[in-house]
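Residue numbers (the working numbering), protein chains in the order written: chain D, 33 to 422; chain S, 33 to 422.
Among the hints, a few may not be true.
Since the list gives no way to pick out one identical chain from another, each pair is judged satisfied if it fits inside one copy or across any two copies.
[Said to hold, decoys possible] No farther apart than 30 Å at their CA atoms in a straight line, the calculated lysine-lysine pairs in the DSBU-like style are these:
#1 K284 with K164
#2 K107 with K252
#3 K235 with K284
#4 K275 with K374
#5 K54 with K284
#6 K107 with K414
#7 K235 with K282
#8 K235 with K252
#9 K282 with K164
#10 K252 with K374
#11 K275 with K235
No wet-lab data here; the hints were simulated from the structure. Keep in mind the model is a prediction, meaning the values are calculated, not measured.
The lines below spell out each chain.
Protein chains: 2
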Amino acid sequence: MPKTIPEDSVGLVEPQTLHFAKPLPLVCGRTLPSYDLIIETYGELNESASNGILICHALSGHHHVAGYHSMDDRKPGWWDSAVGPGKPIDTDRFFVVALNNLGGCHGSTGPNSTNPETGELYGPDFPMVTAKDWVVSQARLADRLGIQCWAAVIGGSLGGMQAMQWAIDFPDRLKHSLVIAAAPKLSAQNIAFNEVARQAISKDPGFHQGRYREQETIPKRGLMLARMVGHITYLSDDSMADKFGRDLRKGKFSYDFDADFEVESYLRYQGETFSETFDANTYLLMTKALDYYDPAADYDDDLVAALSQATCQFLVVSFTTDWRFSPQRSREIVDALIAAGKSVNYAEIEAAQGHDAFLIPIPRYMEIFNAYMDRVSSSVEKSEEVTNAS
Amino acid sequence: MPKTIPEDSVGLVEPQTLHFAKPLPLVCGRTLPSYDLIIETYGELNESASNGILICHALSGHHHVAGYHSMDDRKPGWWDSAVGPGKPIDTDRFFVVALNNLGGCHGSTGPNSTNPETGELYGPDFPMVTAKDWVVSQARLADRLGIQCWAAVIGGSLGGMQAMQWAIDFPDRLKHSLVIAAAPKLSAQNIAFNEVARQAISKDPGFHQGRYREQETIPKRGLMLARMVGHITYLSDDSMADKFGRDLRKGKFSYDFDADFEVESYLRYQGETFSETFDANTYLLMTKALDYYDPAADYDDDLVAALSQATCQFLVVSFTTDWRFSPQRSREIVDALIAAGKSVNYAEIEAAQGHDAFLIPIPRYMEIFNAYMDRVSSSVEKSEEVTNAS
Numbered sequence: 033m034p035k036t037i038p039e040d041s042v043g044l045v046e047p048q049t050l051h052f053a054k055p056l057p058l059v060c061g062r063t064l065p066s067y068d069l070i071i072e073t074y075g076e077l078n079e080s081a082s083n084g085i086l087i088c089h090a091l092s093g094h095h096h097v098a099g100y101h102s103m104d105d106r107k108p109g110w111w112d113s114a115v116g117p118g119k120p121i122d123t124d125r126f127f128v129v130a131l132n133n134l135g136g137c138h139g140s141t142g143p144n145s146t147n148p149e150t151g152e153l154y155g156p157d158f159p160m161v162t163a164k165d166w167v168v169s170q171a172r173l174a175d176r177l178g179i180q181c182w183a184a185v186i187g188g189s190l191g192g193m194q195a196m197q198w199a200i201d202f203p204d205r206l207k208h209s210l211v212i213a214a215a216p217k218l219s220a221q222n223i224a225f226n227e228v229a230r231q232a233i234s235k236d237p238g239f240h241q242g243r244y245r246e247q248e249t250i251p252k253r254g255l256m257l258a259r260m261v262g263h264i265t266y267l268s269d270d271s272m273a274d275k276f277g278r279d280l281r282k283g284k285f286s287y288d289f290d291a292d293f294e295v296e297s298y299l300r301y302q303g304e305t306f307s308e309t310f311d312a313n314t315y316l317l318m319t320k321a322l323d324y325y326d327p328a329a330d331y332d333d334d335l336v337a338a339l340s341q342a343t344c345q346f347l348v349v350s351f352t353t354d355w356r357f358s359p360q361r362s363r364e365i366v367d368a369l370i371a372a373g374k375s376v377n378y379a380e381i382e383a384a385q386g387h388d389a390f391l392i393p394i395p396r397y398m399e400i401f402n403a404y405m406d407r408v409s410s411s412v413e414k415s416e417e418v419t420n421a422s
Numbered sequence: 033m034p035k036t037i038p039e040d041s042v043g044l045v046e047p048q049t050l051h052f053a054k055p056l057p058l059v060c061g062r063t064l065p066s067y068d069l070i071i072e073t074y075g076e077l078n079e080s081a082s083n084g085i086l087i088c089h090a091l092s093g094h095h096h097v098a099g100y101h102s103m104d105d106r107k108p109g110w111w112d113s114a115v116g117p118g119k120p121i122d123t124d125r126f127f128v129v130a131l132n133n134l135g136g137c138h139g140s141t142g143p144n145s146t147n148p149e150t151g152e153l154y155g156p157d158f159p160m161v162t163a164k165d166w167v168v169s170q171a172r173l174a175d176r177l178g179i180q181c182w183a184a185v186i187g188g189s190l191g192g193m194q195a196m197q198w199a200i201d202f203p204d205r206l207k208h209s210l211v212i213a214a215a216p217k218l219s220a221q222n223i224a225f226n227e228v229a230r231q232a233i234s235k236d237p238g239f240h241q242g243r244y245r246e247q248e249t250i251p252k253r254g255l256m257l258a259r260m261v262g263h264i265t266y267l268s269d270d271s272m273a274d275k276f277g278r279d280l281r282k283g284k285f286s287y288d289f290d291a292d293f294e295v296e297s298y299l300r301y302q303g304e305t306f307s308e309t310f311d312a313n314t315y316l317l318m319t320k321a322l323d324y325y326d327p328a329a330d331y332d333d334d335l336v337a338a339l340s341q342a343t344c345q346f347l348v349v350s351f352t353t354d355w356r357f358s359p360q361r362s363r364e365i366v367d368a369l370i371a372a373g374k375s376v377n378y379a380e381i382e383a384a385q386g387h388d389a390f391l392i393p394i395p396r397y398m399e400i401f402n403a404y405m406d407r408v409s410s411s412v413e414k415s416e417e418v419t420n421a422s
């Protein structure tokens, strides 16, 4: 519990839910008849509506990016380290918008919502959603908020993939795209880990073909396993060595199947906590959106052609020990951007923490992030001048 | 089915089961009252019993290393690429011994054996076995076969760990130790993946606290998941990219939870096949033996002190894309051997195949393996001369 809220926090925040009545045709061929998006906003939109920043979330993320929902919250939003007064995404300068994506389980329309056409829970019938669909839904959200052009769209991991998709699909609606710890598409190994997670969930007897809510149960074991596997891929071998090494829970081996090592009980705890808070159908959907992500596919598998659509400027950031989306994968994006003649800054940050490093305020990362956001801020001021002059 | 058995094969082979009536005290504090070891041997033991080679197996391995059990076998033993006439472990020169380790599920005493003290299946009550215990049981096997000193003890992965343990625990009973694709102990990440496998198996409702045989079922889903995770760690990101990339099974996305990508159906198949042939309690035991492996622990965590016990010569081999036990882990062994003043040859093999590379006849690997085994053969000849002279 934060006895006092830190000065560089956005403070107490409240989510709001927006209803969209216009049907949304999806890449999979189906259509969402209507939907809700739950969002949080921090800071003030300026008169010219040119200081809007969209934050896109990763696999298990949501709209609660910064600040606290109540004075009793143990922890702030998931990217509080980067969002707040004086932080890289400076809420004194920017109007920050974060949402829970369609298919999510934190308040936007998803598998736990009622299908208006049947009056029943969607459950496993919720349509497959892709990063392209999310970007369209986010563009409609921008319309609703009166934002014609984002100063920047920003995201890490799957969030970075959405920032890249924005640049391709809506080139005139963002000035900057910040693609952090991402990849142009998943590798076979990435897909393989996702498939393990999906099998763990869908083969759990508690899954009931996705109709677990009707059975008043959840596929708890499957979700736990999915998260344990996922969690290993978010950390680096080095960071796990630093954090746990071969430390024993009781100082000696049990010679039974209790958790002997600290790392075992840590993973069990992470998995159990997650399994109690995250929806299984959503997890399946999010991993599929990752697998399907491939913006080059619409351009004859030519990433350069895909990124040639973009008119914004780019910051691409990777982390040395990230083995989920290694620096090599970010360099593929950078190379394609350069080949497409785009403006791109690239930073490869020395960091022990693996994929999770994108959430951690590592000094060089924050310096670069700050410096780049100053540039974003300048382009806001310029567009304000243009607006004032016109 | 091999219509004709290749000339460089050991041909048709037959396992034999040896009974050991003398109780075996184990590191865990319990004692096996008696036990069987199933073995295969290839080649002829020479008069001085100096040409014996022991092959130790990895997590899911067994005694069937080379050749065929019947003309109908689709595949030969698991290391047929390295064992046979004219191959590195040349059965024209060496007497090769391979066994299934205690706790195994291929014929040696393990969870599926009857506990002679109760007349019931051991099941989950089978005692925890460690690499140190295996080495003791293998020394007794050597006694039974009349082999005082192995020309070499050889293994990959967990097998290589046993070869290292041999050099420490029975220094005067081997001339050479070949430690391939191994590590001096598991990292936190290694243990974490093992823990995912164990949770998958033990949380499967079909596990019944390890008493699944009495229930006439098996924890099939859990074993399948365990193998899927394991399999990913045996391959490299590169080799998965080469083998599968993002190839689709049906040329387009299903937008449902069918296997869209080739890599998904490959993993499902690997997992299912394994779940039908491997015992769950054995899998749990083998992963624990890996986690517990730490020969330095008996020497104040000083690997140099541990390896100072050794009097044999060493070949250590690693593979560039092995991320389960990376070259760095082999270099830790090599550095400790050098610090201990031992004779060690080290080869880091350029290979795309990840951890599994140790099973693949990669030209440079085979050249080095052959050259080193020539040296082993020379030491056999020398000891024969000594025997003849005496």
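Hints, one by one, checked against the model:
In this assembly of identical chains, the alpha carbons of K284 and K164 lie at most 30 Å apart only when taken from different copies (17 Å versus 51 Å within one copy). With identical chains, the CA atoms of K107 and K252 are at most 30 Å apart within one copy only, with a shortest distance of 24 Å there and 39 Å across copies. For the identical chains of this complex, K235 and K284 are inter-copy neighbours only, at 24 Å across copies versus 35 Å inside a copy, given an alpha-carbon limit of 30 Å. When the C-alpha separation of K275 and K374 is checked against a cutoff of 30 Å, the pair qualifies neither within a copy, at 40 Å, nor between copies, at 33 Å.
For the identical chains of this complex, K54 and K284 are inter-copy neighbours only, at 29 Å across copies versus 62 Å inside a copy, given an alpha-carbon limit of 30 Å. For a Cα distance limit of 30 Å, the shortest separation of K107 from K414 qualifies neither inside one copy, at 37 Å, nor across copies, at 70 Å. Taking CA atoms no more than 30 Å apart as the test, K235 paired with K282 passes between copies only; the shortest distance there is 23 Å, against 34 Å inside one copy. Taking the closest pair of Cα atoms, K235 and K252 come within 30 Å of each other both inside a single copy (11 Å) and across two copies (10 Å).
For the identical chains of this complex, K282 and K164 are inter-copy neighbours only, at 22 Å across copies versus 49 Å inside a copy, given an alpha-carbon limit of 30 Å. Taking the shortest alpha-carbon separations for K252 and K374, neither the intra-copy value of 46 Å nor the inter-copy value of 51 Å comes in at or below 30 Å. Taking the closest pair of Cα atoms, K275 and K235 come within 30 Å of each other only across two copies (26 Å); inside a single copy the shortest separation is 32 Å, beyond that limit.
The structure is inconsistent with the numbered hints 4, 6 and 10, although it conforms to all the rest.
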